[in-house]
Every structure is written in C-alpha cells, then in structure tokens.
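Next come the chains, spelled out residue by residue.
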Amino acid sequence: MKQQYVYGLAALLAIVGLSVFVYKWQVLDFPLTKNQETPVYTIESSIRFDSGPGSIKVNLLIPTLTPGFRMLNENSVSRGYGFSLNYGSGGREAQWTIRRADGSQTIYYRISVYEDEGIDQSDTTPPFPPPPVINEPFKTAVDVIVADVKEQSADTASFTAELIRRMTDASPDPNVALLLSNATTRAELVDSITTILASARIPARMVHGIELQGRQRNTEPVTWLEVHDGDQWRYFNPMTGEESLPERFLIWWRGNEPLISVEGGSNVQVEFAVQENHLDAVAIAETQAAQQGARAIDFSLYSLPIQTQAVYSVLLMIPIGALIMVILRNIVGIDAFGTFMPVLIALAFRETKLLWGVILFSVLVALGLSIRFLLEKLRLLLVPRLSAVLIVVVILMLLISLMSHRLGMETGLSVALFPMVIIAMTIERMSVVWEERGPVDAMRAGAGSLLVAITAYVFMGLPWLEHLIFTFPELLLVILSLVLLAGRYTGYRLLELSRFKALTGQ
Amino acid sequence: MMFARAQRLREAGVLGLNERNTNFIMRLNPRRLYPRVDDKVITKELALEAGMAVPELYGVISNQGEVKEFSDIVAERESFVVKPAQGSGGDGILVVTGRSQRKRDSFRLASGVLISKGEISHHISNIVGGQYSLSGNRDKALIEYCVNFDPVFAEVSHQGVPDIRVIVYRGYPAMAMVRLPTRASDGKANLHQGAVGAGVDMSLGETLTGVLGNELVDEHPDTGALVAGLQIPQWDFILETAARGFEVTELGYLGVDMVIDRDLGPMILEMNARPGLNIQIANGTGLAHRIARIEEVFDPDALPEERARLARREFATNRQTSIQFDR
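Chains A and Z are the protein sequences, given in the same order.
According to this note's numbering, the residues represented by the first sequence are 1 to 506, in order.
According to this note's numbering, the residues represented by the second sequence are 1 to 327, in order.
Incorrect hints may appear among the rest.
Unchecked claim - Under the rule of at most 25 Å between Cα atoms (straight-line distance), these lysine-lysine pairs were calculated in the BS3-like manner: (1) Lys103(Z) with Lys68(Z); (2) Lys139(A) with Lys150(A); (3) Lys117(Z) with Lys140(Z); (4) Lys68(Z) with Lys140(Z); (5) Lys34(A) with Lys117(Z); (6) Lys34(A) with Lys24(A); (7) Lys117(Z) with Lys68(Z); (8) Lys140(Z) with Lys24(A); (9) Lys68(Z) with Lys377(A); (10) Lys103(Z) with Lys117(Z); (11) Lys140(Z) with Lys501(A); (12) Lys353(A) with Lys34(A).
Everything labelled a hint here was simulated from the structure, so no lab data went into it.
The structure displayed is predicted, hence computed values, not measured ones.
Please work from the sequences and hints to get the whole structure.
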C-alpha cells in the first residue's frame, strides 16, 4: 500500500514536471541548451518630411501578417507626436499626429522579428473579386488576354505564370502593350496584373516586403504578387512569373495603397534600414510567451532581479547535488560524513575550482584535525570544544588566505568560501571516528566525503544541466520523484555486492 | 557480472542495507519506540520490569554538575563500566577492570592501561555533552556492573567482553552470532571496530566459523584459538530471553545483545533497533529466507519460549558433514 503510494506520488511529480517541461520546450520554444541564439532582425523605417503650417497627420502601413516571421516587439520614436495603431483595409496602420511642428521632422518606426517556420499565412480565404470596371479600349484588351491565357493554362498558378510571362515579354503583343502603356514601375505592373486577374475572377493582390539580409543601411520595399488558388496564397515574382518568394522576405504591407501618407507635410521620404542581432533564445521565448499570455512565464526565474537570479542559479543545483548524494550513498553505498556536507563542499568547489578546492579542503581538514587532537588533551566540554574548533578553522582560513596572497597564489584566497561551520563539524566528526574506530575508518569516510563532493561538483557544474534546471525549474519535481523512488529502493548497494561476496557461495 | 552477483545474493537470501531499512526497520520499528532501545537507562528499566537479567546499574550521571558524583557512585568498587545511554556501535564505552593498588583514584582499563579519575571524569563529561549520542544531543552516562564473562570464550577473546547478538524478527529469534573482541577492536565487541563475529547454529548453540571485517576466519587473530565449535552455555535461556526482548520493546526487527556472566548467567546488555547485517556473513547465510519462514509460521499469541523453540527447530545450520575418505 505504502509502496504504491510512493510510486504514485513519484509518477505524479514526474508527469507534472515533465509535462510543464515539454510544454515550455515545445510550445513556448524555450531552448534546451545554453547560448542558443536566434537571429533577430530589427527593421527601422524612418519617415522624413518638412512640416507644413497646420496640424500634421502621418499614416504608415506596418506589417500585419508576416508569414515565416514572428514579431518580437515594435516601437516608434517621435518627438511630441501622438501615436496610435489602427486597422485599416490594408492591414495595420501606425498613425502619428501633432497639432503643429516646425521644420523638418523625422519619425521612426521600429519592428523586431525573428524567423519562425510555424507562422503561416493565417489569412482567410478571400471571396472571388468582382469584375473590375474597366474603360474601353482597355476592357477588350483585358478580355482578349484573359481568354488567350486561359487557353494556355490549366489552373490558377499556371494562369498567373503565363499571364506574367506575356506581360513581361520583351516584345509584347498589342493588347499587352496597350495595357502597359502607362505602367512604368514595378508596382504599376503588378497593379495591372491584379486587375487582369480580377477580370478572370482570381483573387490577387500586391505585397510589398523587405528582403532581410544582415545589415542594410538603406533598402527599398519590393513588390511581389500574391495569388489565391482557392486553398492558399501563392507568391509570384512579377518580373519572371516564377512562383517563389525571396529568402527572408518580410511582408510589410499588402494592397495598392501607398505606404505612407502625410497630411500637412511635404517632401516625404521613407527609408528602411535593417539590423541583424543575435538574441538569447530564452529572451525571445519569454517575450513570445508573455505576448501569448502563457501562465508559465509568471513563474520564470528570468523575471527575477539579476542578483537573485545568480543566487538561484547556484541554489537550484543543490537538488542535483542531493540526488548525487542519494545515489552514491544508497545505491553505490559510499560512506561520507554528514548528510549534506559533501554537497556544501561541492558548492564551495564551484568557487575555488576543483583542484584548488580539493587541496584547500584537505589542508584545512588536516590542520584542523591536528589541532583538534591537541584540544583533546585539554579535556574540554563538547560545546566549547566545538566552538574552539570552529574558531581554529576560521583562523586557519585566514592564515591560508594571507599566506597564499603573500606567495602570489590568489586562488588560495577562495578558501574563505568554504562553509566553516560544516568544516568544523567535519573535523569534529572525523576526529571522533578517528579515535573510536581508528584512522582507517576516519580516512575512508573522509575520502568518501571528498569523492561524493567531487562527483557532486562535477554534476553541479555541468553548464547544460545548470541551464536546463534554471530554465525549466519544474525539472526539480522530476528530481524529487527520483529521490522518492530511491527512498524505496530495496536492492543491494553496489559495495554490498563485494561485502557479501562470501555469501554468494563461490 | 554485477547483476549476476546481485542475483546470487538474492538467491542466498542476503539482506541489503536498503531492504533492511525500508522493509523491516521502517515498517516494523515505529520511531516512537526507539527510546526504549536507544536510551540504555530506559532499556534497563523495561528489562527489569519484565524480569529479565541485566547488569546492575550503579548510577546515572545526567548533567555536568553531577560528574563529580562519579566517585560516590563508584565508591570502592573494583570494576565497572561507563557507557553513554544513547551511544551506538559501542562508541564511548569505558571498561574499568580494576584499580591501581597504590593509588585508589587511578583505574585500570580492560586494555591494561591506567587512567586517572580526572580522565574518567572528562570522558563522562563528553558523554553527557553528547559526543557519543546518536543525535548529538545531551546524553546521560551510565555506570554499571562490569560483567565477569564466562570462561567459555576466554580463549577466543582479547580483553573486553564477548557478547552474543541475536536478531529477533517479530519476536522470533532468527539468527545469532558471538562477537569476540580483538586487539584491533580495543576490547569492544563491535564488528565495525575489528571484533571477530562467529555465527551460531541456532539449534545447537554452537559457534560456526568467524568473520573478520568481511572475510571468513577460522582462528581468533590474537589468540590463534579456533573460533568454531564452542558450545554456548544456557542457549535455551539465551534464545528465550532474546525472544522476550520483543515483548519489552515491541520492535519487530530487533538486535538483542547478551553477555554471559560467570556467576550471574546470561543477561541483556543492550538492544538495538538497527542491528547490522554482518551477522549474515558470520553465519554464512542470508536473513531473508529465515524471515520468510518466520512470516509463514507467525503466531501473534506464541509465548517467548515457544518462539525460541521454533527457532531452534527451524534454523539449524546445514553444515557439510560429508566424511572424506583418505586413500
């Protein structure tokens, strides 16, 4: 009954811990390994214009749906302008307003995005567009082209490709030439194409985006053609008819509305600059989870002040040390002084580094032991004697620090990081064992403690483990469940196998 | 290889520490009963109430102020034992076997070393301060009768007092061993400290081969005398007293330590709620099978003498008695 209860509890803890872990890992994208960095692109659009005499209203179309990218954050920098975000027909619009302004004005809008394959075109399926109203003689030209292209295509994609091919032909047929007579820019070309597609009842629209290629000081939005084939949006290069989208193409706005409109200003210029940064994946996951309103994030250690974080990054490793302790003592069967003394020593080793830690620890304990034996001759009562050992330990630490400083070995200074009370207790326990059971037992238990401490140190110092526990503190529940299971382990300890060798009948 | 050995140990019924702790100590020995065995003053009182023989208690020193009463407690006695009430593993026990004839306040230890009254007082202070107690808390020091041990083990003991440890499972004696002090153990009958343990044939009360550390030995390392084949006197009485230890302590997994006094016969020295597992090595057999057998025949109403009889009947050691015909 009790056994089942322990197993049940352990299973429950493990399941809770692991499911939170998997949720944070898979859904919230917390990184499993440290220093996992994600490239983050910050796109800055700077709007420059000369202010007119009256009130000023600036409207800038900004990214709404960005397939392949997830927005990390956005902000605007402007002096004295009121700022609002609105949804217009072409998507989101940023609006800056001011009653009056003098001279030339600059407004910045910044957005940070990172690549995320998971973000798809989450747009709704558009209705079939109404046939556009086109004046003659263009209407006939359009009808002829649609009829021709339809003949030579099988579906929406091939229709679009064929149409673009004709429209961009070096020697266009007369109908195309007529339509293109007043389309000089790429945007106007795409506009004409969407009009023809609309006549063929194919939903199409212009998309304007920016190719993100590392650092770019000044870049222009590129126009692309987007066609809906009934299932999804497809992208076509309006110059070649090729169905593709440039690599890392951030769609800024859709439709044929102008990017910017400034009321009460003149000489409007918009420039785009791209900056590529590498941000810690944890920070990105956190921001993203916060945007999604995930509860798990409220309990993240990364939200604590940095100093507290530093404390916890150490404290959270203690359960690992405790687990090592449990394994070495109950499953391997190593003798050690005190229950958690080795774990605390291992913590001190983190600061002193292993070799110096072991040397300093051994020196300290050896010196302390010899002085403890001198104290024994004085026949002191227990508590005063323990206090005397403690004071001696502090003095020894001081001496070791001073000596090593004199000798120019700065590592010796870190001796001060050893938990002195623990060392004093260890010395006392060791001396009692020494007297009662002899030096062999005392040395064996001492060596056992050191061995456990070193093992715990090695595991507590694994950077990936530290990152894992710190990012996913819920894994402590898994450790707890392991410790519970070890608490009901009734098998032999490894060292018992040789202890009871005589009983194996061989 | 590791698993194969674990498997063989499992088949031999060898009990490991983890299994002992989880399946027996934690299940059968509720913590509230621990003081009955961990505090030797209480153990002694309970045993006396139950009419069992224990070494006479001369006095108890329970705080530093009383340490000076040591002389009054000891009075003119030649021999006595000082021990911590809550000690474990024989730590902190001082066996005084005599006094110097010229100087009455200098005492001779079992090892032959003379120590002064001051040193004994310091030792008692340490005990009272808790140096030897299991929890490190303040403790009491007992001063009691020093057993004149029966000469049966004289040949196989080096100073100190040999004792008999009986493991009692739910009131049924399951296994026993004789613990023989050596020079290395400093006169203490504790296997951890280097005493020799010799298994005991439960049905005959006769010693089997000894174990020193984890190794089998035939002879006592100091005296060279054969350890095996010694008949323990009053074996019936010893088993019955051990079985009675269950009624006294109510501990289901109990170690009863007894000594045989030359004049007063077997008496209970102390009892232990966490008896060690080396007894299995000394007996060359595991405890698990015997425990399983006891569970089969367990009868909550059985009297101590019936339980002792069952142990004698069930747990005879299968010794190889094949006769070698030399050509």
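Against the 25 Å threshold, does the CA-CA distance of Lys68(Z) and Lys377(A) hold or violate the hint?
holds, 20 Å
25 Å limit on alpha-carbon distance, applied to hinted pair Lys140(Z) and Lys24(A)
violated, 57 Å
Regarding the pair Lys103(Z) and Lys117(Z), is the alpha-carbon distance no greater than 25 Å?
holds, 10 Å
Given the hinted pair Lys103(Z) and Lys68(Z), is their alpha-carbon gap at most 25 Å?
This hinted pair holds, its Cα atoms lying about 18 Å apart.
Against the 25 Å threshold, does the CA-CA distance of Lys34(A) and Lys24(A) hold or violate the hint?
holds, 15 Å
Given pair status - Lys501(A), Lys140(Z), alpha carbons within 25 Å
violated, 40 Å
Against the 25 Å threshold, does the CA-CA distance of Lys34(A) and Lys117(Z) hold or violate the hint?
violated, 66 Å
Given the hint that Lys117(Z) pairs with Lys140(Z), test it: the Cα-Cα distance must not exceed 25 Å.
Within the cut-off at roughly 18 Å; holds.
When you check the alpha-carbon spacing of Lys139(A) and Lys150(A), does it fall within 25 Å?
holds, 16 Å
Does the structure keep Lys353(A) and Lys34(A) at a Cα separation of 25 Å or less?
Cα-Cα ~21 Å, so holds.
Run the distance test for Lys68(Z) versus Lys140(Z): straight-line Cα separation, threshold 25 Å.
Cα-Cα ~14 Å, so holds.
Lys117(Z) and Lys68(Z): Cα distance at most 25 Å?
Roughly 10 Å between the alpha carbons, so the hint for Lys117(Z) and Lys68(Z) holds.
Hint check: violations occur at hints 5, 8 and 11; the rest are consistent with the structure.
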